[in-house]
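Student: Residues per chain are reported as follows:
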Amino acid sequence: MFSTVISGAVHGITPYIMHVEVDASDGLPSFNMVGYLSSEVREASDRVKVALKNSGFKIPAMHVTVNLSPAGIRKEGVALDLPIAIGMLASLSEIDSDFLKDTLFLGELGLDGEVKPVRGVLPIARCAKENGIKTLIIPYDNAREGAVVQGIKVIGVKSLPEVVAYISCEKDKRNNLIEPTVVDIAKVFETDSYSNMDVDFADINGQSAVKRAVEVAAAGFHHLLMIGPPGSGKSMVAKRIPTILPTLSEEEALEVSTIYSVSGMLDTNAPLITRRPFMNPHHSITETALTGGGMVPKPGVISRAHRGVLFLDELAEFRASTLDILRQPIEDKKINIARANGTFTYPSDFQLVCATNPCKCGYYPDMNKCRCTEKEIKRYLSHISGPILDRIDICVEASKVDVSDLNNNNSLNESSKTIRDRVLKARKIQEERFKGTKLKFNSDMSPNDIKRYCSLGMREKAYIERMFYTMDLSARAYHRTIRVARTIADLDGSERIKEIHLTEAVCYRMTDSKYWSKSKT
Amino acid sequence: MSCTEEDLIYSNWLMHTDGIGKSTIFQLLEQYGSPKGIYEIPDKDVDLVFKPKQAEWFKLAKKEIDPDICYRKLEQKGINIFPEMHDLFPEKLRMIPNRPFAIYVLGKLPDPDIPAVSIIGARMCSEYGRFIAREFGSRLAASGIQIISGMASGVDGISQRGAIAAGGKSYGVVGCGADICYPAENRDLYEDLITNGGIISEYKPGTEPEARLFPLRNRIISGLSDAVIVVEAKKKSGTAITVNMALEQGKDVFAVPGRTTDRLSDGCNNMIKEGAFIATCAEDIIEFFGLGSLNGTSSSNSSNSPKAAKPSLKLNATETLIIQIIDMNKMSISEIHQRMEESGKAMAVPEVMQIIIDLCAKGVLIQEGGFFRKRF
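Top line first, the protein sequences correspond to chains C and U.
Numbering-wise (the numbering used here), the first sequence opens with residue 1 and increments by one.
Numbering-wise (the numbering used here), the second sequence opens with residue 522 and increments by one.
One or more of the hints may lead you astray.
[Unchecked claim] Simulated crosslink set (DSS-like; lysine-lysine; CA at most 27 Å straight-line): (1) C/Lys400 <-> U/Lys866; (2) C/Lys369 <-> U/Lys757; (3) C/Lys129 <-> C/Lys334.
Source of the hints: derived by calculation from the structure; they are not laboratory data.
No experiment lies behind these values; they were computed from the predicted model shown.
Bound conformation, chain U alone (with noise of 0.2 Å):
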């Protein structure tokens, strides 16, 4: 099926009528063959085939919608369409259920001759789930995958953040408009995304991101890849609904263990009991594509240490303890205190306030309000 200039004008008109969901286009294309077949519905049946609400919406968006207009200001925008009829229309999201009749794309689509993985997990990570995400992210780009994600806070920008400072693609399924960045805070990331992968949505274009429009999105994100990581998540999460998704599309699950009294590890454990691979470093997935590491770095489960990522330097013994003291999660100096009189090594507080902030200088520690917490 080839796709003409019409049939894209047509599809984001179509896309643009509200009321007109994508299996009520299926239908249709079906009968009138093309999207501006359907455009063109004579008056007369235009109540028949639809029903009467959405023939109203119809009649509406036929009158306040010129379909060229829509598309030259979709232009505008550097957005393109890619209907389901479109030779590009990723051949992995012909196949989930549930398909959308088209996609926007800012940027470029992923390329469908390399691998794609998403990494997903819980917005609110913790230390742990931060320092994954971006090791992830940035080996797997480095070995050449394309990293496709949500782009919210926490694991999914993370990982997309790590993958295009790697050098790597990244591409982020959203569940707005192409043209909002959602959430603001990550401005820079949706930039540096359209010029170093693409910003993908089955919006229309000024959709704003509204709650029930994420899980849906999900389906895309897994549709897209070829496997699925999940770095961390609690047992009930945003997560669970996208490897849900994964499963039904038959794609392959990995899962980061964590702690088992981390709560927010809780969902990939389960995940890992329930049959899900077990990914402890990037070369786990890298192996799985038989992609083999690039620059030669051993596959070896070390390789997630921090130490084997940063020079060691060299720390006194007190030091040494609040590092060892500071543990995954954020710290503040009440409880460092407190931590290390615990552990017999007393010390008033200005001196150990010394010693943290002497820390952060030396880029040991990260100060966060009035929280620290290593940099992995």
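Next comes chain C alone, as it looks inside the complex (with noise of 0.2 Å):
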């Protein structure tokens, strides 16, 4: 008998319906598994028959066939075993059909018949809605991840035994027997959100232009770099940037744990990421870790940093051309990688932060312990690519610290909240004023919107063209420093973007005039 079992899969993230076509029939005994097949997904058939017979069903000598359809796509993954074993059973008629047409099922099987989790229910969980399921039977562990799609009745089970029993139990008893999992989204959102971050800017004494430096970089999702010797507290600004974030939206968080999920990499009792990735890979991070790889490539750390922060500690280590891989993705919000079997496009739409010594000992200008030669200093910066540095917004110095300064009571430090509210002031204001465009961040603008949405009045028009000309600066700083100058004003609640804005503004951009162009006495 021929019978029809809904599952799902995920091809890179996007996720699509798939039919467990089983047919048992009279003929030589034997198990054919077709549908273009990755070897672990044949592996099924020995798990499935084990499975079966363990949880006390017998399996007749019988010629059974299972199609994998859409039979042109690829199939990876264990979470085929759940659905092939119901198709078997409902094609011997161990189970009724007639539940099968709009439920979807997903799990690897254990040889006992226990269900285990498996990775992308979310996105499969949301496309099985899309496309008119109404219950979907998933592994115990993976439960309240599916349960995050409202709308959708969760069943989480446990193993091969209960899914029989529930789905041939008396349908108003069935609630009964097992509860459907449900995950009140809002309720996620609440408790999840900063109440429980343990770093806080109020951490950090000193290091004042720095803050302020990370502070105008969230408020309108520029890009940073901070330059500064050892023991500075780069790394320490940098891990409590996600803390001055806006949470995410319903929509981006849906968007993060996808990526999360279909990597496995979602924590079983959080099913739901609220919370704004970071992302801080070391410097020996190879090419296809940052992007994602594999045959049909597993997201890498630029998309796992989506809506979040990227953060590359001693930039100048990293390889060049691990560097230059990033310059596609920070233009384009997204990367494509292409594979024999197709190409593959993960979102990536991160804030990129940086940090660096200045020099390979870490000291300069400090002249009493910098021990590298003029020449060591210019090659250690001279590592990062131009490409890269021109994506950067804000570049700024972080001074060496005393150690009496750790010792100062830092109740006076602004917290975290108090700087978040203040960028999420700025980027209300940004959605406003981008409301009905493409743009979402003053990063985002184009030279042309520039014109549009930052303009300048001649006094201010005058002063940008003196500082250009006093400070030296590259015309091609011109677009970022304004932009940069519109996030200020932003902070400041001001309409008009002052001189005070411009200053701090060019202040941001001097740092490469000096590292990454000739200087003489």
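Join the two chains into one complex using the hints; note that each chain is given alone, in its own frame.
Tutor: Structural data, given as structure tokens:
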């Protein structure tokens, strides 16, 4: 007899509905699986047969064919064990096929019939809902993840017999047998916000200019570079950036959680990621780990930093080729990876935060400590490629910190919340400004947009021109300076960009005139 | 001893024979009388006169390098060669241990009748070093003293720039061929030195700069000078090598003192401890040579103070505080802001930025990347 079970899978991060077709008929006893399978899917046949046997089902010697449709997409993963087993049972008339029409199954099987957690439940659940499926039967450990999608019944199961019992049960008693899992999203957002963050900007003494720069960067989603000696707190500052960013919106949270779901990195107990991700890869990271890799690529670090912060510590130590990979993702906010079986597109809309020492020993310009020659200093930062620097709007110097400052009472320091409130206000202004356009933040503005949204008065125009002349800044820096000045004005709640805003923006640009161009006496 | 063109041609050829150094040349000169004599050593004698390796080099050079063509090339580049038998070969260089056989000069040689001092110091110098180097360079040059140095980045180059800006003469002794500008960023200085002094080298034109060549040229820097002034140097440095050579050659060494907490002044302070003269202002040197200052400027210590050099601007209290806070080294905005807070004058970061940029525009501060320093 023939039966169809609905299941789902992800290709890259794109979910699709899959039909598991099973036919059991008389003939030479065999078990065939077709439909462009990878080896782990092929192995399902053994797991399913043994799991069925150990769960107390007798499998008669029959000619069994399993087809995974659509047959044109390569199937990966172990989530198809459960649907195949259910399909077998249905084709052997052990369970009611009617139930299968609007139910989606997912799960890996152990040899004892246990249902184990799988990857990609969240995107598949969303896809199921869009396709009008009413019930999800998924591993117990993934139940909360699936239940994040509202308006669909989610049944978390622990074993194969449990599934069969559930299906065989009378319709109105099913809920008593296994209670559907429900997740209240509003509550998740409430409890998961900033309250239990273990870091705060109040922890940082000194470094006022850096903190200010971080605030501006966060407000306008500008990429940021911090240059400073070892121990000046660059990493400390970077780790605290997520605490001043607004929470993810529901849509954003689903986007981010999808990426983590596909990577198998979602926490069972916290199925929805509500905080902005913070990724800090070590500088030895390979290009594939950064972008995502594999036959069907898994999302890389830059995609896992989507809607959050990608922190590159010791920027100058990264291989130049690795950094160059970032150029396209930064520009397009997504990364395209081409593989033999298709091109995959992963989102990568992150805020780039970099930190580096000013020189090899890290102490320049402290002549008492710096042991580098002038050449070494120049060489150290010239590792960083120009195209990356071109995309960084804000550069700031972190100063050395005296030990005595560390012992200061930090109750006077501003808390993350105070800073965050200002950031939120500035973001609100941007939201209103860019209503009805594709733009979201000041940092997205093209030179044309700048003309439209950042008109300068006569005085300010003359002022910025004079500044560029006296500070010897390149014309290329001009638009970036204006963008940053716009954000600073937003933070200030000012409609007009004033001189003081321009001055500050110029201060964030001066670093490159020193390090990345020739300097004489 | 007079020097004919023939001597020049064959001296140049000798300088171009690899593997045959000045000590060998000096020995052979005694035996064969002139550079041409060496060139014409009969083939059968070559193996007797030279060590085996050198003999090979010699034969090779004789086969491959034509003395006349080689000399024409030199003339085309405008470089002069002064072998030690030349009348114009600096008398001072004849006296030093391990004297060179010949020197190449692009431009002129220092005038032997006018005092010459070398100003040397760290390549990576502080703002203080920069200021002192420039001051000494320009003041000494203005009073007619010739400045000799290594054309390196840092103190060397700055003092020479100062000398030329003051309309004086300066000579750069380089550790590569005289036709090569090293370091490349000192191109402007290199050009200026050719017209307002000279580039001097004991290496044949085309010699690439190599680390091992630089300590050797230091003996020529001190050798050409009557006194050596050390501006800023760490305890162990190339400057220390020059000073040792200067002492060996019997030259007077002056050191400009610095704060005891500055590692960059350790070398100078140590030299003073060991008996070097103290130079606190350019006038100390000018008086040492009995020149008296030009323009009637008084020879007081205060002449090095920044205020004397610049007419004072009207600054308000906050601006003055910032100027006070910025020390000898460069400072970032973070640091300045923090120091202001410590001295009880807390301000918002953007306001501090505003003032600092304003001070830059007024020319009181100089911006270098994210750092700011005082203009001395």
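Student: Between C/Lys400 and U/Lys866, is the straight-line Cα distance small enough, at 27 Å or below?
Tutor: Distance of about 20 Å is within 27 Å: holds.
Student: For C/Lys369 and U/Lys757, compute the direct alpha-carbon distance and say whether it is at most 27 Å.
Tutor: 14 Å, holds
Student: For a C-alpha distance cap of 27 Å, please report whether C/Lys129 and C/Lys334 respect it.
Tutor: OK: C/Lys129 and C/Lys334 at ~26 Å, within 27 Å.
In terms of the numbered hints stated before, the structure departs from none.
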